[in-house]
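Undergrad: As a plain string of letters, each chain reads:
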Amino acid sequence: MNTLSILNLLAGLILAPLLPGIINRTKAVFAGRHGQPVLQTYFDIFKLLRKGAVYSRTTSWVFRLSPVIGLAAVIAAMTLLPALSAPAPVSFAGDLILFAYCFGLLRFFLVAAALDTGSAFEGMGASREVQFSALAEPALLLGLAALARATGSLSLTGIFSASAGPSAGPALALVSAALFIVFLAENARIPVDDPNTHLELTMIHEVMVLDYSGPDFAIILYTSSLKMWALGALLVNVLFSFLPLHGPAAVACVAGSMILLSVLVGIVESIMARLSLLKVPQLLAGAVAISVLALTLVLRFTS
Amino acid sequence: MSGPAVIRNGGKLPLSQIPVLTVSDFRRDILDSVSKGARISALFGSPTGENIRLIAVLAWRDTGSISVLSAPVQKSYPALTPDCPQAHLFEREIFEQWHVMPEGHPWLKPVRFPDSEKTSDMGVTNFFQIEGEEIHEVAVGPVHAGIIEPGHFRFQCHGETVHHLEISLGYQHRGVERSLVNGPNSKSLHFIETLAGDTTVGHATAFSRIVESLAGIRAPARAQVIRGIALELERMANHIGDLGALAGDIGYLPTMSYCGRIRGDLLNLTAMLCGNRFGRRLVVPGGVGYDIDSENADKIAARLKSAFRDAESAIGLLWETPSVLARFENTGALSRETAVKIGLVGVAARACGLQRDVRSDFPYGIFLLSHIPAATWESGDVFARAFVRWQELQRSYKFILEQLAALPDGAVRAGENPPIASGHLAVALVEGWRGEICHVAITNNEGRFLTCKVVDPSFHNWFGLALALRGQQISDFPLCNKSFNLSYCGHDL
Numbered sequence: 001m002n003t004l005s006i007l008n009l010l011a012g013l014i015l016a017p018l019l020p021g022i023i024n025r026t027k028a029v030f031a032g033r034h035g036q037p038v039l040q041t042y043f044d045i046f047k048l049l050r051k052g053a054v055y056s057r058t059t060s061w062v063f064r065l066s067p068v069i070g071l072a073a074v075i076a077a078m079t080l081l082p083a084l085s086a087p088a089p090v091s092f093a094g095d096l097i098l099f100a101y102c103f104g105l106l107r108f109f110l111v112a113a114a115l116d117t118g119s120a121f122e123g124m125g126a127s128r129e130v131q132f133s134a135l136a137e138p139a140l141l142l143g144l145a146a147l148a149r150a151t152g153s154l155s156l157t158g159i160f161s162a163s164a165g166p167s168a169g170p171a172l173a174l175v176s177a178a179l180f181i182v183f184l185a186e187n188a189r190i191p192v193d194d195p196n197t198h199l200e201l202t203m204i205h206e207v208m209v210l211d212y213s214g215p216d217f218a219i220i221l222y223t224s225s226l227k228m229w230a231l232g233a234l235l236v237n238v239l240f241s242f243l244p245l246h247g248p249a250a251v252a253c254v255a256g257s258m259i260l261l262s263v264l265v266g267i268v269e270s271i272m273a274r275l276s277l278l279k280v281p282q283l284l285a286g287a288v289a290i291s292v293l294a295l296t297l298v299l300r301f302t303s
Numbered sequence: 304m305s306g307p308a309v310i311r312n313g314g315k316l317p318l319s320q321i322p323v324l325t326v327s328d329f330r331r332d333i334l335d336s337v338s339k340g341a342r343i344s345a346l347f348g349s350p351t352g353e354n355i356r357l358i359a360v361l362a363w364r365d366t367g368s369i370s371v372l373s374a375p376v377q378k379s380y381p382a383l384t385p386d387c388p389q390a391h392l393f394e395r396e397i398f399e400q401w402h403v404m405p406e407g408h409p410w411l412k413p414v415r416f417p418d419s420e421k422t423s424d425m426g427v428t429n430f431f432q433i434e435g436e437e438i439h440e441v442a443v444g445p446v447h448a449g450i451i452e453p454g455h456f457r458f459q460c461h462g463e464t465v466h467h468l469e470i471s472l473g474y475q476h477r478g479v480e481r482s483l484v485n486g487p488n489s490k491s492l493h494f495i496e497t498l499a500g501d502t503t504v505g506h507a508t509a510f511s512r513i514v515e516s517l518a519g520i521r522a523p524a525r526a527q528v529i530r531g532i533a534l535e536l537e538r539m540a541n542h543i544g545d546l547g548a549l550a551g552d553i554g555y556l557p558t559m560s561y562c563g564r565i566r567g568d569l570l571n572l573t574a575m576l577c578g579n580r581f582g583r584r585l586v587v588p589g590g591v592g593y594d595i596d597s598e599n600a601d602k603i604a605a606r607l608k609s610a611f612r613d614a615e616s617a618i619g620l621l622w623e624t625p626s627v628l629a630r631f632e633n634t635g636a637l638s639r640e641t642a643v644k645i646g647l648v649g650v651a652a653r654a655c656g657l658q659r660d661v662r663s664d665f666p667y668g669i670f671l672l673s674h675i676p677a678a679t680w681e682s683g684d685v686f687a688r689a690f691v692r693w694q695e696l697q698r699s700y701k702f703i704l705e706q707l708a709a710l711p712d713g714a715v716r717a718g719e720n721p722p723i724a725s726g727h728l729a730v731a732l733v734e735g736w737r738g739e740i741c742h743v744a745i746t747n748n749e750g751r752f753l754t755c756k757v758v759d760p761s762f763h764n765w766f767g768l769a770l771a772l773r774g775q776q777i778s779d780f781p782l783c784n785k786s787f788n789l790s791y792c793g794h795d796l
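Residue numbers (our numbering), protein chains in the order written: chain F, 1 to 303; chain X, 304 to 796.
Hint data in this document are derived by calculation from the structure and do not stem from the laboratory. A quick note: this is a predicted structure, and the numbers were derived from the prediction, not measured. Any given hint might turn out to be false.
[Unchecked claim] Derived DEER-like restraints, expressed as beta-carbon distance ranges: (1) P350(X) / G214(F): 53 to 63 Å; (2) V263(F) / R580(X): 29 to 39 Å; (3) T59(F) / I450(X): 39 to 49 Å; (4) M575(X) / K279(F): 39 to 49 Å; (5) K701(X) / N196(F): 31 to 41 Å; (6) V263(F) / T497(X): 39 to 49 Å; (7) A72(F) / G567(X): 33 to 43 Å; (8) R580(X) / F30(F): 25 to 35 Å; (9) K51(F) / P453(X): 55 to 65 Å; (10) P676(X) / F30(F): 28 to 38 Å; (11) V484(X) / V62(F): 56 to 66 Å; (12) P409(X) / T58(F): 51 to 61 Å.
Note that CB positions come from ideal geometry on N, CA and C, so glycine has one too.
Next up, chain F with everything else stripped away, as it sits in the complex (with noise of 0.2 Å):
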């Protein structure tokens, strides 16, 4: 562990709620609004935290351990993080597998809560979650696998400081595109969810969420930036694995990079409207595909 390491962790925890306010001001602008400031998720957050906490009289612990659960999980995930070649806080053999389930957690949590409240709405949300992250998560684990594969590293911080070398491009470009697809429907973007729809009978993520309030709901958001930041990130990693940029450049790149990426986001929900819940399956299904024909890639041409 070094002061890179620690500067990289806390520019995610920091510049994370950053991340929305760009994409909504991206929007903005292709809908030719002003738009809401930057900051407003920062703003969110702090105004909820010094709200009262309202709990229906149906919840149990498990609706309420769920938001610190679901924080310390992204937390967890994202020490696993490198930035390029500047490492990770923490990293082992296998702690790509950890970084995957991490997620995993904050999801079963979130999930139970959702149940927990007995509401037909969440119960639809949570339903549509897990069914789309069944799909999602064999995509990000096996564009993992390719890229363990093409590095012959097992932790993140090996990964991405070895160079995969040129003959692997083909498979990264097909990771990070396989990545792309498991960031937006993870984060409940556009085409897969709508973050900004009133309508609860078409939501996903934002209905699991309708029964917190106060700060149990503002770590709900911070945990969400933070998710959007973790998932991105990783995606930038691979990306632009093949810089040879060293210390507080490579850090300065990913987070330059997330914002790029916010700008991207927001474009793709400027220019297409939201899939049919029924389509959504096919498209994360062709996420996987794309992650199996890397690893397919990566086994048949590096040795």
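Based on the hints, put chain X in the right spot on chain F.
TA: Just chain X now, with coordinates in the frame of chain F:
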């Protein structure tokens, strides 16, 4: 007396000329007519001494005529609904208002729950249910997440698939029809204009034509043209708003944001006509309340042109974006047969390929001289309802520009309104932006309204939405709902 009395749209006839049939003849006549292509525009009860007289208003598209027939009933009569589904909501309403039992009605529930004490014996807040291991029920409303009107929706689902949707309304019941009895008075027009605020011009036109017909006067030509312009402006504003809202429901931002703004621009044009964005006090019995001077007409035409240019590019995006079309096509489709059976009207009916448009079928006023062809599409899905709106926008735009350029000279009011005829029935149909608006008035011996029946197009079409949802994904409900965009307050009255 044999055969029903026949009038034109906006006509009146003395009560004595309305045939009084036995209930079985009445029933047979309606079923015969419906099988020959007539549609029930209104079916309601009117008090006659001790008894209730059922009155049916049938619209014949082929001949452009309206037939009226009646039958006295006491406690009960054999229901029409099993043989003629389009009567189902009317019969529920008759049961609720007059306690006349339509025997054999398959789903007799109150429509608006006006008086909970009297209706508690009706058994009533039951919902049609499906039973089974993995069936679940989703209840939505009456309080919704968005700022919309209250209504309760009960879905019977298997997983994400909706097998049945029951819509329960009545939360906005204000007693509009009851408050019109003994009119017309100074408040009548106000109640009519606000019974469905987004259709102010449509309802005010229908009501004014009823009063004019009963009083034996005619609105001057210039007023008829201004009424036509206002009606089409209302249609344009609402259609643009709807297309924007449809885009919003599928998360397609550009069209949503621009249409929201352009709708406001069009409402402002109505405000230029009369000072109110919804056109209140523009259409009044005897003519219109405000004239357009030529300078204003030019200004309105210029602004309309620029707003339409913006609308053209914003709405054009919808038809060019594959992800939008993928959501619109094959979602919430209704077959033509179903549409005929349940008596669908307006945009929803035309989207099923039915040529149903009061402006061309039962023309009146300016539409006698200047025809707007009915816009139709065959597929009956969300796309069809959106695309019909777009076609109508183009035609209304052309119509308004033509009319603004050729306003006839003369007064805009027919002078002092004479008292209305006693003992008459008058019917007026108007093609509001949602569809056919039907107003029927019956006057008593003192020349006051004995019964006023207002049928908003939503009254016909809500059941269409329920059927469109069958076999659909529950997540597509908001999109289907928006594609019909029916009025809760127009239904609840």
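Undergrad: For V263(F) and R580(X), compare the CB-CB distance with the range 29 to 39 Å and indicate the outcome.
TA: For R580(X) against V263(F), whose Cβ atoms are near 38 Å apart, the range 29 to 39 Å holds.
Undergrad: For the range 51 to 61 Å, tell me whether the beta carbons of P409(X) and T58(F) fit it or not.
TA: 36 Å, violated
Undergrad: Could you check the hint for me, namely that P676(X) and F30(F) are 28 to 38 Å apart, CB to CB?
TA: 36 Å, holds
Undergrad: For the range 25 to 35 Å, tell me whether the beta carbons of R580(X) and F30(F) fit it or not.
TA: At 28 Å between Cβs, range holds.
Undergrad: Falls inside 39 to 49 Å, the C-beta gap from M575(X) to K279(F)?
TA: 45 Å, holds
Undergrad: Please test the hint of 53 to 63 Å on the beta carbon pair from P350(X) and G214(F).
TA: 57 Å, holds
Undergrad: Taking 56 to 66 Å as the hint, is the beta-carbon distance of V484(X) and V62(F) inside that range?
TA: At 58 Å between Cβs, range holds.
Undergrad: Taking the beta carbons of A72(F) and G567(X), is their distance inside 33 to 43 Å?
TA: 47 Å, violated
Undergrad: Could you check the hint for me, namely that K701(X) and N196(F) are 31 to 41 Å apart, CB to CB?
TA: Holds, at about 36 Å.
Undergrad: Between T59(F) and I450(X), is the Cβ distance one that fits in 39 to 49 Å?
TA: 28 Å, violated
Undergrad: Is 39 to 49 Å respected by the C-beta to C-beta distance linking V263(F) and T497(X)?
TA: 46 Å, holds
Undergrad: Honestly, do K51(F) and P453(X) meet the 55 to 65 Å range at C-beta?
TA: 28 Å, violated
Violated hints, listed in ascending order, are 3, 7, 9, 12; each of the other numbered hints is respected by the structure.
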